[in-house]
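The whole structure should be built from the sequences, with the hints applied where relevant.
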Amino acid sequence: MVRIRIDGQEVSVPAGTRLLDAIRQTGGDVPTVCYHPHLTANALCRLCLVEVEGWSRLAPACVTQAQEGMVVHTASPRVERVRRTLLTMLADAVDLHEAADLQPWLQRYGIAETREEHAGARRFPLIDDNPMYVRDYNKCVLCWKCVQICATDAQYTFAITLAGRGFDTRIATFYEVPLPGSPCVFCGQCVSVCPTGALKSRREYLLEQGYTPEDFVHFAAWDAAAVHPTATAFRPGERRK
Amino acid sequence: MDWQEILAPFADQGRAGLLPALHAVQQQAGWIPPEAATAIARTLHVPPAEVYSLVTFYHMFYDRPTARRIVRVCTGPVCQAHGGQQLLEDALRLRNLEEGQPDEAGEWMVEAAPCLGLCSHAPAAMVGEGLYGPVPDASALFQPEALPQPVTHVAGPVRRLTQGLPRQRPLSLGEYQAQGGYAALEQALRHLSPETVRNQVKAAGLWGRGGAAFPTGLKWDYAAQAPGQPKYVVANADESEPGTFKDRVLLEGNPHLMLEGLILAGYAIGAREGYIYLRGEYTHLYPILQHALAEAREAGYLGQGILGTDFSFEVHLYRGAGAYVCGEETALFESIEGKRGYPRLKPPYPTTHGLFGKPTVINNVETLANVPFILREGPDAFRAYGTEDSPGTKLFSISGDVARPGIYEAPFGLTLRDLLEMAGGVQGTLQTVLMGGAAGVFLPPDDLDWPLTLDQGRRRGAPVATGTIMVFNQDRDLKALLLSIARFFMEESCGKCFPCQLGTRQQYDLLQRMFQGRAEARDRTRLADVIFAMHEGSICGLGQTAGLAVQSAMQLWPHLFR
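Protein sequence lines correspond, in order, to chains A and B. Here the first sequence is numbered in my numbering, starting from 1 and rising by one per residue. Here the second sequence is numbered in my numbering, starting from 242 and rising by one per residue.
Derived from the structure by calculation, the hints contain no laboratory data. What you are looking at is a predicted structure, and each value in this text was computed from that prediction instead of being measured. Heads up, the beta-carbon is just placed ideally off N, CA and C, and yes, glycines get one too. It cannot be assumed that every hint is accurate.
Calculated lysine to aspartate or glutamate pairs in the DMTMM-like style (CA-CA distance at most 25 Å, straight line) [unchecked claim]:
no.	chain 1	residue 1	chain 2	residue 2
1	A	Lys200	A	Asp153
2	A	Lys200	A	Glu176
3	B	Lys587	A	Glu80
4	B	Lys599	B	Asp551
5	B	Lys587	A	Glu53
6	B	Lys580	A	Asp168
7	B	Lys587	A	Glu68
Chain A regions said to be covered by chain B (calculated; three or more residues, Cβ under 8 Å) [what the hints assert, rightly or not]:
no.	region
8	37-45
9	75-88
10	157-171
The following residues of chain B were derived to be distant from chain A, with all beta-carbon distances above 10 Å [as the list claims (entries may be wrong)]:
no.	residue
11	Gln326
12	Asp378
13	Ser434
14	Met663
15	Arg699
16	Trp798
Here's what the structure looks like:
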């Protein structure tokens, strides 16, 4: 066991404990969107950065291990300025309405959802190219979890990958082929780890759009008639009730 | 096209064969057709989606057809100030082209390029595989054969690394030997233990010339003492910091100097393999380095049992493909390993977990080029020039509004004013010096009289390690300059961590709004927050420094940011 101090509160945790877990053990919290306990941690969202006394750089709580005597601040002015700025930039670029992990933090910092009016928003058409899932990358924060779980963190399917770079990074299939033309086996793992609602069961999506289960019978016939992998014939918006 | 035949040479390389294989296809076909990507995936046993992922990461690979010849017009800070942007627009208009779209015949395509490292010949361009400058007008871009071969001016009071430069063609092995080349290697292999070699480099006080200024001997010690085999040494020839062209000039004129340093580094840490990672845009250097490696192999400086000793060493030559971020050491490893150039989290550091996860020393070209001198003449001779904390000489890339832009080899401790005078003085009235590249800071005309050393630079937050000095006179448009720097970082951010991925875009958007007079009251605070978040929050040096130049501009010229 090692003893550390988090925001003035002393806690004992097993050596090697992630600061993130130690923080949550004290009843505190920091935001995170790329972290998942069962996936490789890349510490790329930087929302969980905390200040460790004596360290020159801020430390990502998701990968930093507790060491004896550490003094951690989860809400110092330096940490809060970075965190608030990151959340603001994220809200400008991405539709965060269904990002359940981030919503409380946006409210806490009073960050308005400014994406609609912001020129620097990432915008994509909804992808509805298969009977199982819809992909709405307007909601994608690029946490990488879907790509990781599709690849070596679980499935070894390699249907989806990261394409482009910088602000224009996107999740893509091989040369953007529709999902049914990719190696995708529709296992659903990617949907299960998506933290923002960018990946969604198509049924769930259609219910949200106001369709009823009876409609799905017709849709099944439509899907069968449409020749995947180009299934562009079906556009849900046209039959909205 | 028979992809199997083109790909056969890479079949046994696995994933590390990805970049070389993509280069081969790109060169053959002008782009990476899906069938070729599938063939690469099958040959190298890599998922097809990940091949596509790479194609879209590196700017010199294309997922759509291009043209027989690609014109890349430099939009780096100096070229931009000398009409680079205009040249790009003129070229597009002249041929009636959209940027990045080939003409109907598939003959020409024109696009913007980040700084091409030809700042002494602004405005510069890359046409096909060659670098040209100064380009007189847009029509000249389409007759590159008629353009003069640029030779960069090389001068300075001490000529240790640049002896005999510039040259029209590189020093051959024989010519290099006649200058005392490979004597240090021979002496080290025959008479010095690896530990002694490391101690000599430590005693000389050499530190890295690539940007971070880390003590070279110490780095070598860490890697030598790290558990794990094999170990690797890597020459970072991915010179892409805007305004920096010293490594290009060194490799064009005297490739063996760096190579001897690399072999010595390998000996010093117990490595049997070395890598050279050459910037993609420096395509013209590829055959020069290939030839130098062949000469060294022929003469027995590479291979099994070098010079009759039991030391064996081989060097692999890799080419980048258009990604500034790959100059970051861990991103460079990822790139060699056939992945997107994403920087890794540190720690662990390269000296314990580097290339292929093994203990690795990675040094800049100029750093390695200093090593033969240290071993041949001794640490004291090395310290004869420079200062206590910054011993030796430094290659300064001086460009912009000076009479004789070029590479200046000078001891540490001279002032910026000394260097500007050496370069023939400022042309016009000095407005500012951008020091350290796009990741550097602006200095006002009255801040030129401090000695250029590591310590003095750190105190002022001015990076001296790369020796990058860009000079701008009163006629240059600061707003256009700042926008071009912001655009550079936006286009070169890898996109891995949120602060840099989002921040570089916001920095550009905010500057544009301000400079177009559309700023909101809170935008100034907002810009400062974005720069702060990038600096404090980014994983690697690219993001951490992406706002430094703008930040220094906000201090110097607050009226621009209203």
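- Violations among the numbered hints, reported as their numbers in ascending order: Violated: none.
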